[in-house]
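Visitor: I would like the entire structure built from these sequences, with the hints used as guidance.
Those protein sequence lines, which keep their order, are chains A and B. Residue numbers for the first sequence follow my numbering, so the first one is 1 and each next one is one higher. Residue numbers for the second sequence follow my numbering, so the first one is 1 and each next one is one higher.
What the hints contain is simulated information worked out from the structure, not anything from laboratory work. One or more of the hints may lead you astray.
Now the stretches of chain A that chain B is said to cover, found in silico as 3 or more residues with beta-carbon under 8 Å [unchecked claim]:
#	segment
1	4-11
2	41-51
3	183-195
Owing to the predicted nature of the structure, the values given are computational and were not obtained by experimental measurement. Idealized CB from N, CA, C, for every residue including glycine.
Listed below, chain by chain, are the residues.
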Amino acid sequence: MGAAYYAPTDLDEALGLLATRTASVVAGGTDWFPARGRTPVTEDMLDITRLAELRGIDRDGAGWRIGAAVTWAEIARADLPSAFDGLKQAAREVGGVQIQNAGTLAGNLCNASPAADGMPPLLTLDAEVELAGLGGRRRLPLCDFVTGPRATARAPGELVVALHVPAQPEGLRGAFVKTGARRYLVISIAMTAVAAGLDEAGRLAHLRVAVGACSPVARRLSALEAAMTGRLPSDVQVSEADLAPLAPIDDVRADAAYRREIVPHQIARALRAACNG
Amino acid sequence: MDKPLATGPVAFDLNGVAVTLRPLPGERLSHSLRERLGARDVKVGCDAGDCGACTVLLDGLPVCACLVPAQRAEGRRVETLCGLAEDPVKARLAQTFEAHGAAQCGICTPGMLVSAVALLREVEAPTEAQVADALGGVLCRCTGYRKIVAAVVAAGAGLPGPQAPGPGHVGAAIRRLDGAGKTGGTERFGDDVAPPGALVLRVIRSPHARARFVFGDLAVFVAATPGVAAVLTAADIPGENRFGVIPAFADQPVFAEVETRFRGEAVACVVGEADAMAAFDDTAFPVDWTPLAAAGDPQAAQAEGAPILHPDRAGNVMCTGFVACGDAEVALARADTVVEGRFTTSFVEHAYIEPEAGFAEMQGDRIAVHACTQAPMMDREALALILGRPEADIRIVPTGVGGGFGAKLDLSVQPFLALAAQKTGRPVRLAYSRTESMQSTTKRHPAEMRLRIGATADGKLCGMRFEGEFDTGAYASWGPTVANRVPVHASGPYRVADYRAKARGIHTHNPPSGAFRGFGVPQAAVAQESLFDMLADRLGIDRLDFRILNALTDGVPTVCGQVFEQGVGIRACLEALRPAWARERAVPSTGPRLRGVGVAAGWYGCGNTSLPNPSTFKAALAADGRIVLHQGAMDIGQGATTVIAQIFATALGVDVADIDLVGADTDQTPDGGKTSASRQTFVSGNAARLAGAALRAAILARTNAGEGARIVPEAGGLSVVDGDRVHRLHPASLPPDAEGYVLRVEETYDPPTRPLDENGQGAPYAQFGYAAHLAVVEVDAQMGTVHPIRFVAAHDVGRAVNPLLIEGQVEGGIAQGLGMALMEEYLPGRTENLHDYLIPTFGDMPPVETLIVECPDAHGPYGAKGLGEHVLIPTAPALLNAIADATGVRMTRLPVTPARLRAALREAGL
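Guide: So this is what it looks like as structure tokens:
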């Protein structure tokens, strides 16, 4: 019975612990417990939810800093500009209220499920992940942080301490569309986040589109974004080539053909929501 | 908090009381609350955050206690349902939950109420949508959610809800009699009753569908593993290593010997001290597996050279059911129009929120098993054979049952517990994990059905053929019942003079398929009712009119040649849908979604098929003046306790509140039969009616009162008011028997049936119940998603004993039918949890309008018919017909997932 449960309040202490032992990092526990099932816990646990630095959503210069222990419910209730609307929508649709009150946005990223609901909206916000270790801190673009299913760039000894969202263009609005086989408590078959901003002529001055559950890691559709910027939202067309970054698979929830087929509709709907508010 | 907490105590406020405990690392708060602090009102349904049953408030916020490390509670405030007992918001909710019938089995009720308290603290008078959002993280398998939404809205609006006045007799919509324990968090379910210090049992299961296995040295394993008291295998079974609900087909071992036949089959169990078992790693158990080629579906099981599961069942055919009348082929040749189709349904999991659980103990030389069950007497019979002991040595004490729907008719935890208690001499407990519950207990049979149905130009049915193949899995369970019931019912409640139907149960290396609400009839109805729409359309006849035109009526023979001279209510059910059918069909599609309206009907014979099916009830007047009813019919949430008490009270002529209920307990209650086949209101209701009448007669005889006299319970006795004469009955002055009773009666009812001949001709049931549903859907053609927006459900219940409970059954059944139609598909090894296996949530159930139709049945108590299974039979086909109405596309494979519907729409060019 060597295992211990640590719940430090000081980040350096937490990093010191991580540097000297293999510990399982636990935040909300909403993925951690289901993944373990009944397997007994034999390794130390590091609870990061009492680390003050990991709490809260704050302005960070022109951008925002979201602490790594911030829960979905805190995101949904936060006073944030319209660019975050897609992220907030995702926060209201992940699990149920119980999951939203416990699960954390950063934990969702660290769990690195291809169907992580936090990924697409954060990709459209150009979010970065801040990691801390005894050796110092580093920031990675989100797309470089999650490297594959259940795989991230977090090194042993590092903790994700915050997410950073840079300044967003004035008037940018986010939207999120998720498709599943039931209303609540559902894992996405596919999901799309859009962030869009219009110029005075009603044309797309800014467009970011990201799709989840259709590739090992959620992807931005950069070619589509580039091709459609400057167009009217109603003129947006999604071609086969635009979906090239995606590589959907068949699983228990749906087949690849279905995912490929609904993504353009999700994009259109999310775009409508983002542009019509 | 900078210190490691594992070495220190964790202190927090639980329901206003300071508590301290020392959890292990990785211990879930739900476990600490239940096992270390006795908070058994916190229910565990999945240990994965999928069901919300364990919801508690952590510093006021609802969370799943199963996902909270116990140490995280340090310094915080934890509230559970019992801790909210004095909370005025909770008190209001408890009132409205009972008034609306929002708690059926009650296992999800603590999670629902705790979540609702959090909502009402924040939003004083929430809307329906706000309630759904706030409670959407909690699953319910009984109610269909609508009553829960109504109860929370009513509590917010300060409307306490109706309380039916009066004596609570037949016809009164009284609240369920056992509601207070459900809303108070005090009802004890399978995992809530074990005494402190009980040993904990863990079952070792096959990770392969079919595998040969060899144990290592088990004695060495026991000796080398601290805290382990015993290992049990097939070698430890004193009686027969075999059980089954139908004696002639009993084929399932408690522990597999040599070779397993499905993934999740038990091969051994380990029994040990609670702490040791909490740290027990299944992979440490010494067993070597050699996977073997398995038959994954009936096609593979019938292929050349397929492995034979049971040597005495050639070709893996378990059994065949057959019904024929007239000449189907000749009629089909004569028909003006013939439609045909092939329909496929999937494994459906019962997914009650309470996994199987219980404990067993020695009581002197006898063994007592306390567990959730639908059939205590059958459990006792089966255990007697396994233990090699007389039935009198075994006592079954059912706990509260957190949902059953058919799967808790079969043994699950009981043999393991009884064997372990006998071997160790100590109390032993076991609660299945969600995954082992899903892996190892019975399922609804997947079906592959081919049909041809003909009609003449005037719209009359003319010939029908049905061939169904049902995947009955590795063991028979209730498979023979399904094979027999399907051909009897596959015609639907219609006049089909020329009919031939065959259903075969095929063994595969899948989990055993067994009883699930409807015993195969819902699958058959999917096929038949779909083809009826195709026929009506071909003939250019309105789909509802077509059904009414062909509906059975009094005096018209069924496909079994059975003629009911009274009580055939299908036509009345279909007629009841006419206004809604006209109204909903007139609404045009607006917006991007395609709107469709579907209708379907169903029938279901109540009780066993052509087999004896008695219920026995005992009632008494006690020396202290109590009127006692020994109620042995299991209430699994459907309300049998309330309905039977209402019937008994009516027959006896006292208020339902004057009755003292005892049981169920095989030592105290006579055999009320199993809670199955929609038989408790009908069969047990009749036995209770007879018992009530007999006790009334005994009381009147004792007081020389006339038949019309009124019995008035009073403190310590009774008055019998006969016109202007009042007789006092002083029970204390009469000689009591060993149980303290001065008057006692015991009555049995067995429904009259006749055997079926080789063509299925006979009288399989004493009564049928009838149903017709109308479903309105909107289809998002781009996404392939189906959005039910309304149901209208007409049910002929003969006589509505309790209209409130009827609505609850109807709404809950519709939710299950909706799940079967749109989302539920159990795939062994792939959907063994409640996030990959989807059941409907709050947001998936639209409003239901229940139309109660009463065509009294001569055999039913006060005319009542069974209802429990009828409620989901028309639902799935009504939805399929609505989808076809909306899109023109006929779906023939269930569930209609978004991907499947989209593929069909794509093919149709939509």
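Visitor: Which numbered conditions among the earlier hints are violated in the structure presented, ordered from lowest to highest?
Guide: Of the numbered hints given earlier, the structure breaks none, since each of them holds.
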